[in-house]
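K.L.:
Going line by line, the protein sequences match chains V and E. Each residue of the first sequence is one higher than the one before, counting from 7 in this note's numbering. Each residue of the second sequence is one higher than the one before, counting from 13 in this note's numbering.
Rather than coming from a laboratory, the hints here were simulated on the basis of the structure.
To spell it out: a stretch of chain E is covered by chain V in this simulated footprint if at least three of its residues, at any positions, have a beta carbon under 8 Å from a beta carbon of chain V; those stretches are: (1) 80–87; (2) 249–256; (3) 263–273; (4) 281–290; (5) 307–317.
What the simulated footprint calls covered on chain V by chain E, stretch by stretch (three residues with Cβ under 8 Å from a Cβ of chain E suffice, anywhere in the stretch; the number is not a length): (6) 15–21; (7) 217–223.
Quick caveat: nothing in here was measured; it's all calculated off a predicted structure. Glycine is no exception: its CB is placed at the ideal position from the N, C-alpha and C atoms.
Single-letter residue listing:
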Amino acid sequence: MINWANLISQMFNGLVLGALLALISSGLTIIYGTLGVLNLAHGAMFMLGGYAGYVAYTYTESFVVAVAAGSLFVMVAGVIMERVIVRHFYSRPDSDQLLVTFGISICFVELVRFCFGSLSLTVPPPKLFAGITSLGFMFYPTYRLAVVGIIAVALLVLFIVLYKTRLGMIVRAGIEDSVMVSSLGIDVYKVFMVVFGIGAMAAGFAGIVNAPVVSLTPDMGEAILVQTFVVVVIGGVGSFPGAIIGGLIAGEIISITSMINPGYAYVMLFAAMTLVLVLRPRGLLGSASRE
Amino acid sequence: MSNDTPKLPNLSRRTLLQVGAGAAGGAMLPAFSFPAFAAGDHPAIGTWPAGSSGNSVSLGAAVPRTGTYAVQGEDELKGWQLAVEHLNEGHELARKISPKTKKGVLGKEVKLLVADSAAKPNEAVQAQQRFITENKIVLMTGSTSSAVAVALNKLAQREKVLYVAGISGSNDTTGKDCVRYGFRQNFFGQTAAAAIAPVMIKQFGKNKKAAYMTPDYTYGHTVTKSMQDVLAKAGWTTVTNQVSPLGAPDFSSYLLNVANSGADVLINVNWGHDAVLSIQQAKQFGVLDKMKLVVPYQIPFLARETGGLMEGVYAATDYWWTIEDKYPLAKMFNAAFEKKFGYKPEWGAENAYISFIHWARMVEETGSFYPPDIIKTWEKGETIPSLVGDVHYRPQDHQAIRPVIIVKGKTKKEMKNKEDWYEVVEIVPGEGLMQKPDEFGCKLGDYT
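Take these sequences, add in the hints, and give me the full structure.
P.N.:
So this is what it looks like as structure tokens:
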């Protein structure tokens, strides 16, 4: 028999989980969509955002500064990574791109482990959002509620950048056909750098915003990267709206399955991905060109 | 057409002369030149005698230095490093546990080889297989996950190389997956449950409702099962069991189920960073205000990492440094460890240290590195010193019978220093905690 209070709680929780996954996945998907590079260091950038924010928080005790520092640091790291390493791999085989970004990911993780150790670190939520809120049907951590709002704003900003600006138009055109964009006289490589920076920043921002919910460890990006890939595959590779829908679906699958049989929560996530791959290989909102 | 005539190898005259000269020279050498062969006419087995024929012997450790159990793995590694150092210098503490130890083991320098297992069985097995093939290690160790311990047990039996388990809480390690070549010093699900349950019943009463959080592998399932079985005798029931994968990035869905379960007590079997995260998130969701938390298998550094969330929480553990007031060897160990590494040792380090020294004792007592003889020495089940008083290994399943320590998290006010996280509530003798040797289906297998 279904416990309705628990079902509603889990559906709500799925929304919160999904929002976070949507934000991280959107960064990954726009990088892949535009550059054609599957960035395996995306999870490490999520982790870097958390640690950079932690350092900023330690010195300033301001959560706002921590969020700004975490995001900007990872954006700069992303741009440097693109300029110094990744751009040399645009015309090389996919396997080389996977290997180099995987290698960069290991370097980031081990560098953080070297500097901070393996013991987990915590960033407290801002005082305004500390504690628990009663929603009538359940009690829920106030900060997690705030995370939904923060991520909604972040996704809105990304949406405006992608759909209401010239840069966004170029990026979306690049996702459809980067050769055509290049032949129109647009410096695609400069756009690539900006896109890589924005994508990395989305991961870094998610890393520090998520820091008070989890505790920081050098490996934290590993598990989230796997889920992010699932989200991107479900939503459609290269599709920004697809990442949001995929994120929300993934969050709901994890939450609702855990209510029925917790041991299958993550299994069902992969089962859903498999189903999408069988029925619609391009993903729910993916374009045929990236199939 | 049958051919019964034995074939001679295709030898050249030069090869024959070389072999003949070698054999003649060998026969003229005095017998004590080959101590590894002197113990008897044993045929070669595993890495014996190749691994112990030089001036040194190598031990292989596959330990998680990355992943969910990395923090605990590093602590274990320090325990092994200190043990190797103590053996090589003939440290007083090592000699108190292994009286025949002088310097090294049987006079040979001990070398420690280390690989990162990331707590994954396949990576641990690959690393140890490489150490066996390339370095001829005479002893394997490592685990912080019982899945690794079980896999290395099987490798040990197949390769005939001794294995002492690192941290491993599953009943299976010396139960259904036990092997002749594997030994475990530390406590496990059954003894943890048998030790902590009476304390829980005394504190919380009979007929309580328990919610479990269980990692989805052998350790989690067997510890939860043991807790359920023991507590059921006092009328406790399980209202929910939240099984999660190792390294889950978020526990919110599981915790909502726990929060809505109406449980009186949350028994958290998660380990490593999973335990840290699930307890921190349990606090965020208000679960810790609704129900009492119990940790049946204590996690090194948990109190430090959760920063105050273990206050008043009961846990069963292998070792806590403040028992040094009762056990002089623990005091010596704490002092040596802290001098070298700058903090009080946790139980991963204690188990690692004592496992190596116990192995060294068995080798010294045997007088040879021949594995079947070492096993037979171990199986005498003699009472031997450890850091928690005298212990012995049970010959039927190779499990050490040793006390389990029940601790309770101190409040900040009660803490005398920054590492004084727990008060020792009780030290429960091991004998009464053990299941019957065959209860978990242990069949040790062959010596050779």
